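Q: Sequence:
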Amino acid sequence: MSPKSPTIHLAQQPEADELLGRSPLAALVGMLLDQQVPMEWAFAGPYTIAQRLGTDDLDAHDIAAHDPEAFAALLSEKPAVHRYPGSMAKRIQQLCQYLVQEYDGDATALWRDAATGKELLARLNALPGFGKQKSQIFLALLGKQFGVTPEGWREAAGSYGEAGSYRSAADITGPESLAKVRAHKQEMKRAAKAAK
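So the sequence shown is numbered by numbering that gives the first Met the number 0: it starts at 0 and just counts up by one.
These aren't lab readings, by the way, just hints derived from the structure by calculation.
Mixed in with the good hints there might be a few duds.
What the hints assert, rightly or not - Listed below are the simulated DSS-like cross-link pairs for lysine-lysine, each with C-alpha atoms no more than 25 Å apart in a straight line:
#1 Lys133 with Lys184
#2 Lys117 with Lys133
#3 Lys131 with Lys195
#4 Lys192 with Lys131
#5 Lys179 with Lys89
#6 Lys117 with Lys77
#7 Lys117 with Lys131
#8 Lys131 with Lys188
#9 Lys195 with Lys184
#10 Lys184 with Lys131
#11 Lys117 with Lys192
#12 Lys131 with Lys89
#13 Lys192 with Lys179
#14 Lys133 with Lys89
#15 Lys133 with Lys192
#16 Lys131 with Lys77
#17 Lys77 with Lys89
Keep in mind it's a predicted model, so treat the numbers as computed, not measured.
Hey, can you work out the whole structure from these sequences and the hints?
A: Spelled out as structure tokens, the structure:
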């Protein structure tokens, strides 16, 4: 990521957050898991997976080559890594297989030489399981917390790139900002329901 690992507070668990701060792949997998479950649960997932694999980090080559049924079983063990452990196991393996094919398994290669925010957003969008919103949030997370700031990154991240906003995982630096992001998301849901 950047020369110094940032202090991350997404999982709200010291060991899980420490892994996210030093492991680009763990951060990507956490972002992938961040749907239909509380954000802290999603971002604690990479640490749980590493623990169950008996390692202190995630390795794209190992996960890509892992037996799919065994990997799904690993995510399904209690407590499950996600509400939908089987489908998320498949998605994580697809993500790792893509990283192995396109970037020799090195997640940092996604952003290391990206000249612009637009280029980086396109690379993130190409990842299995990453739609436009997830890609923009991860781009904002890279810029705001990991020091990955190619030219035009804020614009490419859309509203998630705005300084001083509390819209997404990119803005969480502790319990207080987590509460603000959660309140923003609830407000967005209320507004969406009212618009129907």
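Q: Please go over all the hints and tell whether each is borne out by the structure.
A: Okay, the hints, checked on the actual structure:
1. Among the hinted pairs, Lys133 with Lys184 is consistent with the structure: their alpha-carbon atoms are about 14 Å apart, no more than 25 Å.
2. For the suggested pair Lys117 and Lys133, the alpha carbons sit about 14 Å apart, so the restraint of at most 25 Å is met.
3. Distance restraint check for Lys131 and Lys195: the Cα-Cα separation of roughly 23 Å lies within the 25 Å cut-off, and the hinted pair is therefore satisfied.
4. Only pairs whose Cα atoms come within 25 Å are accepted, and Lys192 paired with Lys131 is accepted, the gap being roughly 22 Å.
5. For the hint pairing Lys179 with Lys89, the CA-to-CA distance comes to about 32 Å; that exceeds 25 Å, so the pair is violated.
6. Using a Cα cut-off of 25 Å, the hinted pair Lys117 and Lys77 is violated, with the two alpha carbons roughly 40 Å apart.
7. Between Lys117 and Lys131, the direct Cα distance comes to roughly 12 Å. Compliance with the 25 Å bound is thereby established for this hinted pair.
8. Straight-line distance between C-alpha atoms of Lys131 and Lys188 comes to about 19 Å, which keeps the hinted pair within the 25 Å bound.
9. Proposed proximity of Lys195 and Lys184 is supported: the alpha carbons are some 17 Å apart, at most 25 Å.
10. Restraint check: the Cα-Cα separation between Lys184 and Lys131 comes to about 17 Å, which is no more than 25 Å; the hinted pair holds.
11. In summary, the hint linking Lys117 to Lys192 is not supported, as the alpha carbons are separated by about 32 Å, beyond the 25 Å threshold.
12. With a CA separation close to 20 Å, the supplied pair Lys131 and Lys89 stays within the 25 Å bound.
13. For the hint pairing Lys192 with Lys179, the CA-to-CA distance comes to about 20 Å; that is within 25 Å, so the pair holds.
14. Between Lys133 and Lys89 the alpha-carbon distance is near 18 Å, which keeps this suggested pair within the 25 Å criterion.
15. This hinted pair checks out: Lys133 and Lys192 have alpha carbons roughly 21 Å apart, not beyond 25 Å.
16. Distance hint between Lys131 and Lys77 is unfulfilled; the C-alpha atoms sit about 32 Å from each other, more than 25 Å.
17. Proximity of Lys77 to Lys89 is assessed by CA-CA distance (about 18 Å); at most 25 Å being required, the pair is judged to hold.
Checked against the numbered hints given earlier, the structure breaks hints 5, 6, 11, 16 and satisfies all the rest.
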